Amino acid sequence: MAKVTVLDPRGYAPKITARGLAPQLDGLDGKTVYLVDVGWENCDVFMHQMQGWLGEHEPRVRTEVVRWRDQHEPDPQLCERIRHDGDAAILGVGL
Amino acid sequence: MCAPEVSGHVMTLETEYGVPTVAVHGAAFARLVDSVVQVNGMPRARRAYVPMPVLTKTPAELRGYVEGDDPVSGRPFMAGVLEALTRPLDADDLRGVEFDRDTPRLLEPDTEENLHRLFRDNAWTDYLPIVLPTEARVAAMLAGTSHAPDEIVGQMRPTGFRELWDFTVEKVAVNAVMAGAEPEYLPVILALASSGMTARQSSTSSMANMVVVNGPIRDEIGMNSGLGALGPYNQANAAIGRAFGLLSQNVQGGSVPGLTYMGAQGNNFAYNSLTFAENEEKSPWEPYHVQHGFGADESTATVFYVWGNVWTEGVRSRWEDKLKAILGGQDPFDGSILVLDPLVARSFYDLGFDRKEKLIDWIHENVRIPAGFWWENFTTRNLMHELAEQGVEPWSTYGSVPPEQLIPMFEPDNIHVVVVGGSSNGQWSSFQGRTLDARFRNAPTDPATISIDRWR
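If you read the sequences in order, they're chains A and B.
Counting from 1, position 11 in the first sequence corresponds to residue 11 in the numbering used here; the numbering is continuous, with no gaps.
Counting from 1, position 206 in the second sequence corresponds to residue 206 in the numbering used here; the numbering is continuous, with no gaps.
Please keep in mind that the hints were generated in silico from the structure rather than gathered at the bench.
There could be a bad hint or two in this list.
[Claimed, not checked] Here are some chain B residues pointing at chain A (derived, C-beta under 7 Å):
no., residue
1, V6
2, G18
3, V19
4, V22
5, A23
6, L62
7, G96
8, R101
9, L106
10, T111
11, L115
12, T134
13, D166
14, V174
15, N382
[Claimed, not checked] Covered by chain B, per the in silico footprint, the following chain A stretches (three or more residues, Cβ under 8 Å):
no., segment
16, 15 to 28
17, 63 to 71
18, 83 to 95
Because the structure is a prediction, the values reported are computed rather than measured.
Where is the CB? At the ideal position from N, CA and C, for every residue including glycine.
With the rest of the complex left out, here is chain A (with noise of 0.2 Å):
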């Protein structure tokens, strides 16, 4: 059978650039995580919970539960507080 030739119909990708990940922790004892509530329904209550369950079990590692400001936008405000007071954070829950 014949063939043709068509045109491709996608777009144009960006280049990806690469992004490391920041250096982990040197263990639990003692350092401080930021609980991050993302704003999104119930994601308070998930992150109490794991706060709960980190204070039954790894009772050495110090938590806050905080709540990015909107979801929908950078919280540079945070996230310099958590650079500065904290040593890692967890952010949920994305939906």
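Based on these hints, arrange chain B on the given structure of chain A.
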């Protein structure tokens, strides 16, 4: 939209603030998240998953998620979270991954049968037969515009925190050919593409589009604004809307369930994006685009996002109760697009609504629900309470009144009136729909009503 945003915020904390961070997502979003972190150069972003749903669960049930297993890894959830923060990293973790993706202009020559299969298997179609975009067909399509084939039309993506893809006039023409469009439709299709508002929005809510065309181009290209305008009875209506969908999925990097499309049920309106022309000639009011600042002799396309509609007939003695019942039963955030047959528009006009704005204002003032019920709604609770907390009006006031106090269902800028139909029946619908919230546009100032004339 939330899972990609959580991924984005986590990657920001990692790279700009040097904070090791774990993202917790609902398990249904695993494949999506894998894709988002990869195209942001951080395929090894720290993440863990919990079962769905989260929103309606009690504290005890959510504690069960914390104590249970990650449904994606199969391992204890908290063990996975803590390990992600403490495990030794290798060079690839610290470096990330950089890569380029090429899009060739031409595909490898093949038989028509194989090409049809290729397009379908690559999810480049709507699973209906397409017109293969040969060079001759695309060249013929490009005669529909004065713009150069290699001109960048705009950028598109299925949702925020995904990468923006560029596309050219030629790419739009390729997808227009696939949809069965004629060259004279191309300015309309280019206008829709240039809006940056995808017709394949990834939202879990399964939103689709409605496209309303105004101005002289309606007659120039034979669009339908009368009998059957919303149905499969006109080539221009059908092909323009279909082209909008196909170009969206193809130029934005895809619309694949679980990866770049998360609509829980999907939406049948997406087949041709509910594309029609407003019946300006039979309407007692000014056309939609004139109402929004364009001249009557200008041609425009307006992009709405819609979820569904409630249909009814006639404007009878208890029309006020009918409007309150229909609109009051919708979801507040999503707005209302009243799509009225000319007979219905005339009925409202004869009741004293001699301008669309008067009907819109009446709806804003009279369609009210208790504030507690308004804020109990899933979308207002999750998308509007932030504005209330930031002191943005009227949400700040709505958030501070007693729950039993009645507040407006919709703000005036979230109520739209369009006239279309052939007057064989005084039918009308309230489509649950709106123009895209500015927070979710490529740029907040991107308009919802776009000039077609600049793409001629």
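Results for each hint:
1. Interface hint at V6 (chain B): satisfied, since its Cβ lies 3 Å from the closest Cβ of chain A, which is below the 7 Å cut-off.
2. Residue-level restraint check for G18 (chain B) holds (minimum Cβ-Cβ distance to chain A is 5 Å; threshold 7 Å).
3. With a least beta-carbon distance of about 5 Å to chain A, the hint placing V19 (chain B) at the interface is held under the 7 Å criterion.
4. Given the 7 Å rule on beta carbons, the hint for V22 (chain B) holds: about 5 Å separates it from the nearest Cβ of chain A.
5. For A23 (chain B), the suggested interface contact is upheld, since its CB lies about 5 Å from the closest CB of chain A, less than 7 Å.
6. At its closest, the beta carbon of L62 (chain B) sits 5 Å from a beta carbon of chain A; the interface hint therefore holds under the 7 Å criterion.
7. Because the smallest distance between the Cβ of G96 (chain B) and any Cβ of chain A comes to about 3 Å, under 7 Å, the interface hint for this residue holds.
8. Hint on R101 (chain B) holds. Least Cβ distance to chain A is approximately 4 Å, under the 7 Å limit.
9. Because the smallest distance between the Cβ of L106 (chain B) and any Cβ of chain A comes to about 6 Å, under 7 Å, the interface hint for this residue holds.
10. Interface restraint check: T111 (chain B) against chain A, minimum CB-CB distance 4 Å, threshold 7 Å, status holds.
11. Hint on L115 (chain B) holds. Least Cβ distance to chain A is approximately 6 Å, under the 7 Å limit.
12. Given the 7 Å rule on beta carbons, the hint for T134 (chain B) holds: about 5 Å separates it from the nearest Cβ of chain A.
13. A distance limit of 7 Å between C-beta atoms decides the matter here; for D166 (chain B) the minimum to chain A is near 5 Å, and the interface restraint holds.
14. Nearest Cβ of chain A to the Cβ of V174 (chain B): about 5 Å, under the 7 Å cut. The hint holds.
15. For N382 (chain B), the suggested interface contact is upheld, since its CB lies about 5 Å from the closest CB of chain A, less than 7 Å.
16. Note: the segment 15 to 28 of chain A has 14 residues with beta-carbon separation from chain B under 8 Å; the three-residue rule is met and the coverage holds.
17. Counting residues of the segment 63 to 71 of chain A whose CB lies closer than 8 Å to any CB of chain B gives 4, which reaches the minimum of 3, so the coverage claim holds.
18. Beta-carbon proximity to chain B at under 8 Å applies to 11 residues in the segment 83 to 95 of chain A; the threshold of 3 is reached and the given coverage holds.
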